Amino acid sequence: MSGGLPALTRPAEDRTDVLLDVNDLVVHFPAGRRGILGPPSKVHAVDGVSFRVRRGTTFGIVGESGSGKSTTAQAVIRLIPATSGQIVFDGENIADFRGERLRLARSKFQIVFQDPFSALDPRRRAGELIREPLDLLNIGSPKEREARVRQLLEEVGLPPQAADLFPHQFSGGQRQRLCIARAMAPEPDLIVCDEAVSALDVAIQAQILNLLKKLQRERGLTYIFISHDLGVIQHFCDDIAVMYLGKIVEQAPAPVRAILGAAPPL
Amino acid sequence: MPSVLPPVLSVQNLSVSMRGSNGFVPVLENLSFDVAEGKTMALVGESGCGKSMTALAIMRLLPEDFIVTSGSIMLDGGDVLAATPAQLRGLRGNKMSMIFQEPMTALNPLYTVGDQIGEVLRQHRKLGRRDATEQAINFLRAVQIPAAEKRVHAYPHQLSGGMRQRVMIAMALACRPKLLIADEPTTALDVTVQAQIFDLLSQLQDETETSIVLITHDLGAVAELADDVAVLYAGRCIEKGTSHEVISHARHPYTRGLMACVPHLQLGPATRNTQLELEEIPGMVPPLGARGPDCAFLPRCASAGDVCRTQPQPPLESVEAHAAVSCWRHREIAP
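Taken in order, these protein sequences are the chains called A and B. First residue of the first sequence? That's 69 in the working numbering, and the numbers climb one at a time after it. First residue of the second sequence? That's 557 in the working numbering, and the numbers climb one at a time after it.
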């Protein structure tokens, strides 16, 4: 696939253990002015965050709402403009990528959003939704794309007939499976799961977590997994970072010991 | 359940059906439970199990085409199902009130939160506008909102999710209702705020002796807050008992599955088994209309035997004084 994509061809010695290396990432949002003539003020959403994600592992980011975990993840995959900092993905600083180069590089990093109800276009069939990244990135011939859609549906545990249904005909857990299939379509190396299981029932949550684990084993996928649920994070992640007010306040291999008092014990 | 006082809420053999194109489809079947004064009853189950429908039936807020086909709902000695619309208006917000799941959509964006809390008091307590605002400030203080005098004039969009949920609680408790129904009050909030909301609810319950019906799919919340639990599956109550009994000795395979599929936080040094597969309950809740007389959990049950396939679902069977379960094989599969 990396055939005519200069962005993705790299010398073999660059393939190190680290897939993603984020250095001093800063994201500020403008927040109006103090007074009519006052200086423009900024919200420091992410304030100098650095971390490394090893290939084939899961990096968990945990924190309260408003701590900047989603902003970090979305800035890393260039959905939110970063104010400064380096994002080295597979040996290249994607923070500098622009236009077509960035668009094509996106085949290597995908995202699964929290709410599967609003992340799928209600007017398009499931098959089209999963095919869209393949169409946009021009991967394979139309016939191969059809076959790939069927294969993806099977991998996420949905019957092939599901391709002809509309999103409203699926349950919440099935819709999240569709979102995962769509994210996997261009064979990415990195998938960002932004609270991907928070909106689901406990029983469905376990199914989706096991599916993500299975896909990781089979494909060597790398995840950035965002959640506010420490139990889920501990179960699922190899490394964990705790964010608070835009900064990483603690980072360690699982398990961590922070905010623990807040989770109701069972 | 033996208790000295008559229960505040008594639901007996409640069945709710949906009017479909091919006749009536059962949504809730034969649900019975009592809530005593100052106690908390939790209704647990996945989406589509009928938890919210139970709440809406108690409030008489069932959507169009959903009707109560049998059973009774007694609130503080009065029959809710026989109440006229005028009587219902007197009950809702006054004797019983509800906290909805989504604090974003349950508040009116065009009125200040003070107006919305005060509305209940003006309606039921006939307070004037000024008195109502003053009371609203007191309630905002009671639910621990800082700078209550200022926040009373704030609009919902100016508050965070946790604060909006506190406003909902203040509104629900404004008339000191006998019964508070909390429909997944913390699902939309993050853990630290969840813990605060639960603390707040139990503290307010101690002060006002309100009975709470807590609807949740989070068994952690049940352990924290509830006295009694009813586990619902596909519109039927499959296990019932004190929360201690149900959580420490879950008898129904569904209840056990629900508990096993929550990843628990383990403290102490890292162990490798944290990375193992989570237990999961395969499949999903059967949709409305696809529920036969046999055990609704049968297709997903790992311990199903011949007796489960040939017999209809058993009625709730009292196992001990404080526990009842609806399962043919609960004795054989007990750990």
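Hints in this document: simulated from the structure, not taken from any laboratory. Any given hint could be a false lead.
Claimed, not checked - Sample of chain A residues with no beta-carbon within 12 Å of chain B, all distances over it, derived:
#1 V270
#2 A271
#3 K282
Said to hold, decoys possible - Heads up, incomplete: computed chain A residues facing chain B, CB under 10 Å, no partners named:
#4 G134
#5 N161
#6 L205
#7 H236
#8 A267
#9 I272
#10 I301
#11 F304
Note that the coordinates shown come from a computational prediction; the quantities given were computed from them, not determined experimentally. Ideal Cβ placement from N, Cα and C applies to all residues, glycine included.
These are the hints, each one checked on the structure:
1. V270: violated, 5 Å
2. A271: violated, 5 Å
3. K282: Violated: least Cβ distance 8 Å, not greater than 12 Å.
4. G134: holds, 8 Å
5. N161: violated, 32 Å
6. L205: violated, 32 Å
7. H236: Nearest chain B Cβ about 14 Å off; hint violated.
8. A267: Result: holds, 9 Å to nearest chain B Cβ.
9. I272: Where the cut-off is 10 Å and the nearest Cβ of chain B is about 7 Å from I272 of chain A, the hint holds.
10. I301: Constraint on I301 of chain A satisfied, holds at 9 Å.
11. F304: holds, 7 Å
The structure fails hints 1, 2, 3, 5, 6 and 7 (numbered hints given earlier, in ascending order).
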